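Given these sequences and hints, build the entire structure.
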Amino acid sequence: MSKGSSSIADMLVFALLAMLACSFLTQAGTRDDLLESVYASSFAKNILIAIQNTTSKNFGGFEYSLLSEDLAPMLEKSALRNLRHKTLAQLLIEDAICNMHLRIEKDEVKFGIEQEMDTRLKIFLKKILDNLISPRFGYRLRALAGQLNGVSVGVHFDFEIENLGEDQHRKLCSESVTMCLPLPINLASEASDAGSPKILIAFKLNLELWSR
Amino acid sequence: MKDKNGFIPLSTAAILLVLLAISMVTHFETLKSQTISEAYEDVKIIALLTTAESIRNDLQSLARLAIYESLWSVGKRASEYPTDRSRENAIENLASEKFSSFLYSMPLAYPTNVTISCSGKPAFKLLETENGFAIAWIKLPEDMQVTITSTDGDAVLLPKYENLEIFVDSRYFLLQDRMRAFTEKLEDVRLGWAWLEYANAYSQILAGKSLRLNPRISGTLFELAWANHELSIFGSADYIETSRKLTEFGRAQFNPAESSLSWLTMPSIDEALAIERLIGECAFLLNETKANLERARNCMTLASVAIENFCDENTLSDYLAEKIDKAIDYLTKAYSNAKEAGVKLTSFPNNLNKKKSILSPVYERLAGARSSIRMLNHPEIFENVILEIKGSLAKKVVALKSENIDYESNEDALKEIDEKIGNLFSPAENELLQCVEVLGGLMGDLKKIQKVVGGTEKNMPSDLDLNFLTCALDSQRPKFEILDREQFYEIFPPQPVKPHPGISVLHELKVGNVKYRREDPIGILIPNSPLPTPIPLDAIGVTLWWAQWEVELSLKENFIEQIMDFQNPTLLRPIYGSLQIAHEPLAYRWSEDREIFKFRLVILSPVEFNVAQIEN
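From first to last, the protein sequence lines stand for chains A and B. If you read the first sequence in numbering that gives the first Met the number 0, its first letter stands for residue 0, the second for the next number, and so on. If you read the second sequence in numbering that gives the first Met the number 0, its first letter stands for residue 0, the second for the next number, and so on.
Keep in mind that the hints were calculated from the coordinates and are not lab data. Please read these numbers as outputs of a predicted model, since none were measured by experiment. A virtual CB, placed ideally from N, CA and C, is assigned to each residue, including glycine. Any given hint might turn out to be false.
Label-pair ranges, simulated between beta-carbon atoms [unchecked claim]:
#1 Asn-52(A) - Glu-79(B): 36 to 44 Å
#2 Glu-280(B) - Lys-125(A): 55 to 63 Å
#3 Thr-25(A) - Ser-36(B): 49 to 57 Å
Set out below in structure tokens:
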């Protein structure tokens with residue numbers, strides 16, 4: 000082999016191996032999605048704790064009206080419900096109690112007299128979560144009433160708010176907390192049965208975070 | 000060196016580079032792996048802590064619901080407990096019972112990685128905090144054990160919950176304090192009622208009427224005293240019920256114009272309409288007065304200008320006579336309009352002027368408007384000036400119709416009359432304008448009042464607004480049934496009169512018999528005597544007339560007084576026993592069997608009066 004051709008082969012081998020080394024380093028330097036998910040998961044848990052501990056007063060207070068405005072203007076102030084001392088989780092639980100549907104065989108029982116709390120709460124929570132989460136992640140918050148074990152009663156309550164952005168992104172995490180929700184029938188019961196066991200159902204608060 | 004080569008071949012250098020890269024990547028990966036592993040551990044621990052915190056919040060939430068239920072149960076039966084402490088004990092015990100039942104059911108609701116075991120009873124302590132709100136301290140059972148296992152089963156957390164502190168967003172202690180003050184000072188109702196009865200009796204004597212005692216009036220005055228007591232303690236009263244009773248009573252029993260209670264009644268739509276019509280008529284008449292004065296003045300100006308410009312004396316005298324005739328005509332009309340407006344404003348029914356009702360400010364402003372116009376207060380001055388002008392003008396007309404006319408002297412005389420009309424017109428114009436403005440403002444206020452009164456009457460028929468509301472609600476919710484007043488107020492508490500402390504009030508008060516036992520000598524000797532007992536005071540040559548009664552009012556049944564925390568409608572409650580749930584304010588209900596209220600009515604008057612037969 001001539002000297003010239005040997006040098007060229009040497010350079011080629013050098014170039015090839017240098018590229019290989021670079022590719023190793025590039026691979027090692029890429030952002031790890033797993034780590035982002037772990038961070039998101041921790042973030043989501045903190046948000047769920049905040050929802051359970053922060054009162055609505057910290058976000059300007061929550062209120063709704065028991066009646067639509069056109070129904071009885073003279074009762075406008077009497078129908079106003081200001082719930083500024085309640086935590087966000089409490090509001091969600093009470094919204095569930097007020098707007099839950101129970102299916103007992105073919106009959107459906109609806110609790111609560113007005114849907115306005117549900118609508119207003121969605122707007123109120125969306126505003127808060129948009130401020131807290133949206134700059135970093137897309138989110139979907141769901142509140143679901145669980146099923147009753149061993150009883151032929153269907154419970155229906157589904158609360159969902161989301162802000163995932165315009166494009167479809169990758170789901171980073173899905174974190175949940177479970178709370179107890181007394182069945183509204185408990186509240187309608189008389190004082191005499193105070194000591195009897197109450198029916199509690201699981202109330203699951205689930206927060207999904209999505210990459211932006 | 001035999002050749003121009005480097006230190007090492009390029010391929011060797013490349014191999015070294017690759018080895019270096021591999022070692023770096025290996026290092027990075029090891030580091031990353033460690034970080035992820037640590038993060039996972041962290042997340043696992045955070046998950047356990049989050050669950051533990053969530054259980055704590057859940058316990059608080061359930062304890063709060065238990066407190067809500069207990070506050071409601073005890074608050075609605077508040078008068079059954081002898082002391083505040085016993086009432087608070089009852090709340091604590093009931094809350095403990097309810098919370099226990101929640102605790103026993105909790106494990107079923109949680110996922111399998113959480114176990115909760117507990118057999119003891121929690122202890123509640125209710126304490127007052129600022130603004131009358133409550134704080135509950137809860138000591139959880141010592142044997143309560145919670146185990147939280149991580150999803151992979153590697154980590155277990157055994158959180159220990161000992162004490163919980165809950166802020167209860169209902170002003171239970173405020174309601175308790177105010178109700179205690181109300182019931183302890185019920186004597187004030189008796190004093191207030193006595194004061195009203197005295198005022199009623201003396202107003203009749205001073206008006207020269209027979210002293211007429213009427214159980215219905217006494218009952219109504221008692222209700223008023225009750226409402227006044229509510230207002231002073233709670234900052235509000237059951238004003239809807241009180242005004243409804245007053246209105247019903249006034250309409251059914253008396254002609255409001257003659258009733259001694261008419262000054263306390265709410266206005267009817269008819270009354271507001273009548274006043275509106277009257278104001279409209281007065282405003283029209285005053286505007287006409289102003290316009291006629293203006294027209295008269297214009298006629299005189301035209302007449303005085305004509306003397307300088309007319310050449311033909313015959314035509315001039317006709318022209319002047321015509322203008323002066325018209326001026327006289329306008330002045331007559333102005334006078335008659337102003338007089339009529341004055342009569343209308345003066346003829347405002349005296350009893351309306353004294354009314355203490357929603358229309359009182361309107362009456363006061365009407366009286367003010369009337370007093371601001373001199374020509375209405377002193378019509379004689381106005382009349383004299385008009386007559387004087389008319390007299391002068393009439394003389395001129397006569398003179399103009401005679402043959403020897405001195406136009407120059409006439410011009411001066413006409414200018415003088417023009418000036419006089421001007422002098423009359425200028426101040427009157429301002430006053431009239433002012434009065435018309437006031438009347439216009441009053442008209443606007445009346446419209447508003449009519450809207451309120453009309454709306455109230457329309458929306459709140461005599462059987463209160465339950466039918467109206469039920470119909471309205473029925474259109475949305477077919478399961479709504481008839482509410483009674485108490486249930487209705489629990490959902491829609493009436494807005495308090497004063498914003499502080501913000502308490503709504505409801506009462507059920509049924510006045511039974513009112514007995515008047517005559518106690519002055521003539522009354523004792525001759526029952527139903529129309530004469531009071533005379534007390535001659537010879538030394539000063541005066542006779543005092545004395546009548547005395549013991550007035551006793553009994554309630555048909557226990558009175559019910561209920562107050563509600565209007566500002567905090569935070570308790571989840573079923574609506575009137577149905578399965579439907581809504582947020583309602585905490586109610587504190589007091590029922591007491593105080594039956595008899597009595598006082599002594601002593602009338603002493605230097606003016607002789609008659610005692611009318613007591614009506615029933």
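Here is what the structure says about each hint:
Under the hint 36 to 44 Å, the C-beta atoms of Asn-52(A) and Glu-79(B), about 37 Å apart, fit the expected range. Checked against the hint of 55 to 63 Å, the pair Glu-280(B) and Lys-125(A) passes, with Cβ atoms roughly 59 Å apart. Look at Thr-25(A) against Ser-36(B): about 24 Å separates their beta carbons, and that is not inside 49 to 57 Å.
The structure fails to meet hint 3 from the earlier list, while all remaining hints are met.
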